[in-house]
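Participant: Residues per chain are reported as follows:
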Amino acid sequence: MTNAIEAKLAEKGLVLPEAALPAANYVPATISGNLIYVSGQLPMKDGKPQGIGKLGREFTIEQGQEVARQCVLNVLAHVRANLNGDLTRVKRVLRLGIFVASAEGFTDQPKVANGASDLIVELFGDKGKHARAAVGVAELPFGVAVEVEATVEFE
Amino acid sequence: MTNAIEAKLAEKGLVLPEAALPAANYVPATISGNLIYVSGQLPMKDGKPQGIGKLGREFTIEQGQEVARQCVLNVLAHVRANLNGDLTRVKRVLRLGIFVASAEGFTDQPKVANGASDLIVELFGDKGKHARAAVGVAELPFGVAVEVEATVEFE
Amino acid sequence: MTNAIEAKLAEKGLVLPEAALPAANYVPATISGNLIYVSGQLPMKDGKPQGIGKLGREFTIEQGQEVARQCVLNVLAHVRANLNGDLTRVKRVLRLGIFVASAEGFTDQPKVANGASDLIVELFGDKGKHARAAVGVAELPFGVAVEVEATVEFE
Numbered sequence: 001m002t003n004a005i006e007a008k009l010a011e012k013g014l015v016l017p018e019a020a021l022p023a024a025n026y027v028p029a030t031i032s033g034n035l036i037y038v039s040g041q042l043p044m045k046d047g048k049p050q051g052i053g054k055l056g057r058e059f060t061i062e063q064g065q066e067v068a069r070q071c072v073l074n075v076l077a078h079v080r081a082n083l084n085g086d087l088t089r090v091k092r093v094l095r096l097g098i099f100v101a102s103a104e105g106f107t108d109q110p111k112v113a114n115g116a117s118d119l120i121v122e123l124f125g126d127k128g129k130h131a132r133a134a135v136g137v138a139e140l141p142f143g144v145a146v147e148v149e150a151t152v153e154f155e
Numbered sequence: 001m002t003n004a005i006e007a008k009l010a011e012k013g014l015v016l017p018e019a020a021l022p023a024a025n026y027v028p029a030t031i032s033g034n035l036i037y038v039s040g041q042l043p044m045k046d047g048k049p050q051g052i053g054k055l056g057r058e059f060t061i062e063q064g065q066e067v068a069r070q071c072v073l074n075v076l077a078h079v080r081a082n083l084n085g086d087l088t089r090v091k092r093v094l095r096l097g098i099f100v101a102s103a104e105g106f107t108d109q110p111k112v113a114n115g116a117s118d119l120i121v122e123l124f125g126d127k128g129k130h131a132r133a134a135v136g137v138a139e140l141p142f143g144v145a146v147e148v149e150a151t152v153e154f155e
Numbered sequence: 001m002t003n004a005i006e007a008k009l010a011e012k013g014l015v016l017p018e019a020a021l022p023a024a025n026y027v028p029a030t031i032s033g034n035l036i037y038v039s040g041q042l043p044m045k046d047g048k049p050q051g052i053g054k055l056g057r058e059f060t061i062e063q064g065q066e067v068a069r070q071c072v073l074n075v076l077a078h079v080r081a082n083l084n085g086d087l088t089r090v091k092r093v094l095r096l097g098i099f100v101a102s103a104e105g106f107t108d109q110p111k112v113a114n115g116a117s118d119l120i121v122e123l124f125g126d127k128g129k130h131a132r133a134a135v136g137v138a139e140l141p142f143g144v145a146v147e148v149e150a151t152v153e154f155e
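Protein chains in written order, with my numbering: chain A, 1 to 155; chain B, 1 to 155; chain C, 1 to 155.
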């Protein structure tokens, strides 16, 4: 349990949430070959959506980054659950899709997305260096500010 | 032609549309290895877009679910066309990207997306359990309410 | 350097930009097996974002197509950089994700996206025939009108 990545999480005082099942006919993640496709994750914490609001209205960039980090924790919870609890089996984070709920005129999606990207690279180093698409959407589920999906290669 | 999935479609009174070619320089689906990438499908029926409007304005959640189902029928038409007419060759529906045209303040994208997810799982069972990203976008082609793209593993 | 695709680019008077590194903790492209995942590319030129505005407000469809083409040039710059400078190693462009910043009521995303699709097919022929998802988003980074991400198979 105390591998390098778990240690880094602990250092940062971060706790991965439980890998909760969605309440619908889809799954948190699918596997094909050595790829994991992780469903779009919301900033859930203790089963409740956090970070409700839009960038450029309720939230500053810094607050949006924090919301993005919470999404990443949920992404990683599902990756870990699919790798028998061992995040060191991540070979490469291939792609993040980062959706930022954006009020009219808010165009700093890249800075908000850095909240997700920075945490991934802090935890995984070069293996965490990913491609990404960061876009500003009209609305997200439950009114949250950020949603993050991922494609991850494992070994 | 009357395999298990075709039988379920018939039971539900659902008919897959013709796998129509797009009128542009792209294709409905590409294949790499054992994966099919299906282009974002609109709720076309008999060559015409259905379900024109937004959630939270013209459409209720239930109506949006119906539009999402129509998109899925078009997704499956193209999957079938790429599998020599045999949908039982689907090994796993890996990912759905579900885009919901959302009026200001509409945040029930997951419920709308369930229209797509439920149909897929009804038809394919565990093989249909997919990862998904459901987001609310500003506008979709022709003003339709839902667009669905897919990544499908086959054998 | 003067292979068929470079020759077509030259014929059209198009110059691929430098494959510039993003100024954040992500990378322009990742590779898994024989697939390249290219990050969402903006219409950057000489290091500056072009095409700032929305479709249906500042830009006509034709102008949006031009912006989409500039995004594709950046996509191809990164594909080339990952293939030792040889774009003839592209086996198939599998998928484009095309995000169009859309003012209320603008629903011609497919026509704008054709700016990207047409250029890809002009350059790569059948190998360029891709699946795509074209959607209208609220806002894009720096206020640009189009963002294009890609998945490309190579040999």
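Wrong hints could be hidden among the right ones.
Just a few of them, taken from the derived set where beta-carbon distance is under 10 Å, the chain B residues facing chain A [unchecked claim]:
id: 1; residue: P22
id: 2; residue: Q50
id: 3; residue: P110
id: 4; residue: A138
For each label pair, taking beta carbons as the anchor points, the in silico distance ranges come out as [unchecked claim]:
id: 5; chain 1: A; residue 1: K45; chain 2: C; residue 2: K8; range: 16 to 26 Å
id: 6; chain 1: B; residue 1: E104; chain 2: A; residue 2: A20; range: 26 to 36 Å
id: 7; chain 1: B; residue 1: G33; chain 2: A; residue 2: E58; range: 38 to 48 Å
id: 8; chain 1: A; residue 1: R57; chain 2: C; residue 2: R57; range: 15 to 25 Å
Because the hints were derived from the structure by calculation, they are not lab data.
No residue lacks a Cβ here, since even glycine has one placed at the ideal position from N, Cα and C.
Participant: So does E104 (chain B) sit 26 to 36 Å from A20 (chain A), Cβ to Cβ?
Facilitator: 29 Å, holds
Participant: Using the nearest Cβ pair, does Q50 (chain B) come within less than 10 Å of chain A?
Facilitator: 21 Å, violated
Participant: Hint check: is the beta carbon of A138 (chain B) less than 10 Å from a beta carbon of chain A?
Facilitator: OK, holds: A138 (chain B) within 10 Å of chain A, min 5 Å.
Participant: Hint check: is the beta carbon of P110 (chain B) less than 10 Å from a beta carbon of chain A?
Facilitator: 5 Å, holds
Participant: Hey, does the P22 (chain B) contact hint survive, CB to chain A under 10 Å?
Facilitator: At about 22 Å, which exceeds the 10 Å cut-off, the nearest Cβ of chain A leaves the hint on P22 (chain B) violated.
Participant: Check the following: the C-beta atoms of K45 (chain A) and K8 (chain C) are separated by a distance inside 16 to 26 Å.
Facilitator: 52 Å, violated
Participant: Regarding G33 (chain B) and E58 (chain A), is the given constraint of 38 to 48 Å on their beta-carbon distance met?
Facilitator: Taking Cβ atoms as reference, G33 (chain B) and E58 (chain A) lie about 44 Å apart, which means the hint holds.
Participant: Does the beta carbon distance between R57 (chain A) and R57 (chain C) stay inside 15 to 25 Å, or does it fall outside?
Facilitator: For R57 (chain C) against R57 (chain A), whose Cβ atoms are near 20 Å apart, the range 15 to 25 Å holds.
Hints 1, 2, 5, counting from the list given before, are not met by this structure.
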